[in-house]
Amino acid sequence: MTTPLQRYTHYFVGFTLFNVLIQVTRLVKEGTGKTTLAIGDGANDVGMIQEADIGVGISGVEGMQAVMASDFSISQFRFLERLLVVHGHWCYKRIAQMVIIKRLSRFSLSSICYFFYKNIAFGLTLFYFEAFTAFSGQSVYNDWYMLLFNVILTSLPVISLGVFEQDVSAEVCLQFPALYQQGPKNLFFDWYRILGWMGNGLYTSLVIFILNIMIFYNQAFRAEGQTADMAAMGATMFSCIISAVNCQIALTMSHFTWIQHLFVWGSVTTWYLFLLLYGMLPPYYSEDAHKILVEALGPAPIYWCTILLVTVACNLPYLAHISFQRCFNPMDHHIIQEIKYYKKDVEDQHMWRRERSKARQETKIGFTARVDAKIRQLKGKLQRKSSTLVLPNCMPSPC
Amino acid sequence: MIGEATSSGGGGKDDSPAAVSAKKNKKPNYSRFTQQELPACKPILTPGWVITSFIVVGVVFIPIGLASLYASEHVVEIVERYDKDCIPPDYRNNSLHYIQTSETDKNCTMTINVPKHMKSPVFIYYELDNFYQNHRRYVKSRSDKQLRSKASEGTTETCKPEAVTSNGQPIVPCGLVAWSLFNDTYKFSVKKEVLNVSKKDIAWKSDQEHKFGSDIYPKNFQSGSLIGGGKLDPSIPLSEQVDLIVWMRTAALPNFRKLYGKIEKDLQANTTITVTIENNYNTYSFGGKKKLVLSTTSWIGGKNNFLGRAYIAIGGLCLFLAVCFVFVYLLKPRPLGDPSYLSWNRNPSGQMN
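Which chain is which? The protein sequence lines are R and Z, in order.
Counting with this note's numbering, you get residues 63 to 461 for the letters of the first sequence.
Counting with this note's numbering, you get residues 3 to 355 for the letters of the second sequence.
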């Protein structure tokens, strides 16, 4: 029976020179491709500790140099097992969660982008309408529509996006931590995304407003000759917003469980149900919306034609953009999705393993600590070279 | 020792079966929902899907656009502006005085030529320009409660400044919307034969039945010094005052049309219709325009080429995009699931190490 120690690490015990330690660690790391852990307590162990994937320093007789250069420090060698089995396990889970949190934060970013988008699309139509009311502050929408907009009609799909969206499955996510790497490239990309979504919101608001105004202009909108009043135009414009915005979020989702379907199409259905039921209430409650769907808009083909036209026109740029991006500039998770979809990971396991190990190399635990330690090491080297030629210490490592 | 290590760091005496089973029960029940393993559909946007969806949209939209355009082209519409020409030449420079005094004759005659055959019913509209029925203060100035029943006759708070008379008596119907009721009238005749204008079914049914009461009659209406529009017959209940009901549906835009009546007869092409207009309504003080509109309708309503054109434009754009994508995929295909497109394979120099 192998102990956890044997199972999880390759370890090297030596009384060796500073440089040799580093080179051998590198050899083991690259040769086996496994995660390496190095443990030491002396100044000569610093390089090895930094080179390994996980560096453990022991604070002790030699001083704190090994400790300062390491990712984890313990006071006695016998605590190594506990470190590996207990804390190592937890650490792994938490890093995984951090990756998931990073993934969640990616999805919170996309939720934030979507919030910007839908509220800009909605709010700007109100603003444009003001230009037609001599800026008197008259709202084209019924108060109830505006109240329900953010509360029910567009919020549930976003929640399902934030909670349930999986561009790649959890196991793939953990196998490919490089999918969520930090970096200046990503920071720029985030701003680009935010501004892109705001632009999309602006475009959507313009399309909704202009198309509705031009279609319902001043002529009759039904075969029975009636013209559209503010209530009819407001209800139509609002229906267009609800359809366009919910179709948009459906296009951003890549993972459809029954929950997503329920929330997205359910939101659109809820709007019509609301309009229907609200219109059934006596005019004391429903005011201008009284029977508007049943009597005025429902039987008018132009109403449905307008909603269809506006929904497609609003989503066309985004659809073109993602199609273009996926084809010419695909993101890593797009490729991974395709590999999984076409089962290439099953067909060509060697390729899959190779890509996974490459992805893991990109992210290392304790990276920033390593950078700092590297700088300190180089400084130490410079200092030593400038003083005298010193024989390296030979220290037996405890066992 | 392993048992100790895996417990939550407490003493080493937690190995009793009760404690172990208690630990087991603390674990949340497995469910596909909480473990995010619900069955899911994960559509991938492949080139095939992209091109198909663009083509489908194009193929659906272009016929709809053509049908709308066809319907709109077959609607016959006659629009005649009359507010300038209906002032007698003497008053052309002083139109405000002309319209406001009751001494002048407001009758005016105009001829309209019917360009194409118009099938019955031919709808008559009045069109107003630069009239902001959608202004917030105007929209607010009405009392829907009062309009519904006699019992609420006194509910006039929201109607200011046209709420009560100088004696404190409630005005029925109160508010600026009712006060500014449009009151031009039109009479049509062809070769001395009068064309009947039907006022039936020009207002929404729900308005007539639920929003305007049948027990409430106009009272003290237009009794002040400043008259804003038409007068109402006090012997007709509000639910039958169709002109008022149509007027009180506030329009969305400053340029709007409202249904005046219908002619239930076919109008032959090249007929000359003589219209006798009573030019009562004052649009001169704010630079508004008045127009008379006769129009037939189709399944999309009145004449509006925009819907058809928009559909054709979007459909055409989709087909164009489909062709572009086909072109581009043929020129620069990217095999799906090819790992050489992964970012760490594409530009290894840019990666951190």
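No lab work stands behind these hints: they were computed from the structure.
Check each hint, because a few of them may be wrong.
Heads up, simulated PhoX-like pairs for lysine-lysine below, C-alpha to C-alpha not over 25 Å straight-line [unchecked claim]:
hint	chain 1	residue 1	chain 2	residue 2
1	Z	K233	Z	K121
2	R	K405	Z	K221
3	Z	K207	Z	K194
4	R	K402	Z	K189
5	Z	K267	R	K406
6	Z	K121	Z	K221
7	Z	K44	R	K405
8	R	K406	Z	K334
9	Z	K233	R	K402
10	R	K96	R	K436
11	Z	K108	Z	K233
It should be emphasised that the depicted structure is a prediction, and the values quoted were computed from it without experimental measurement.
Worksheet item: Looking back at the numbered hints, which does the structure fail to meet, lowest number first?
Response: 1, 2, 3, 4, 5, 6 and 9
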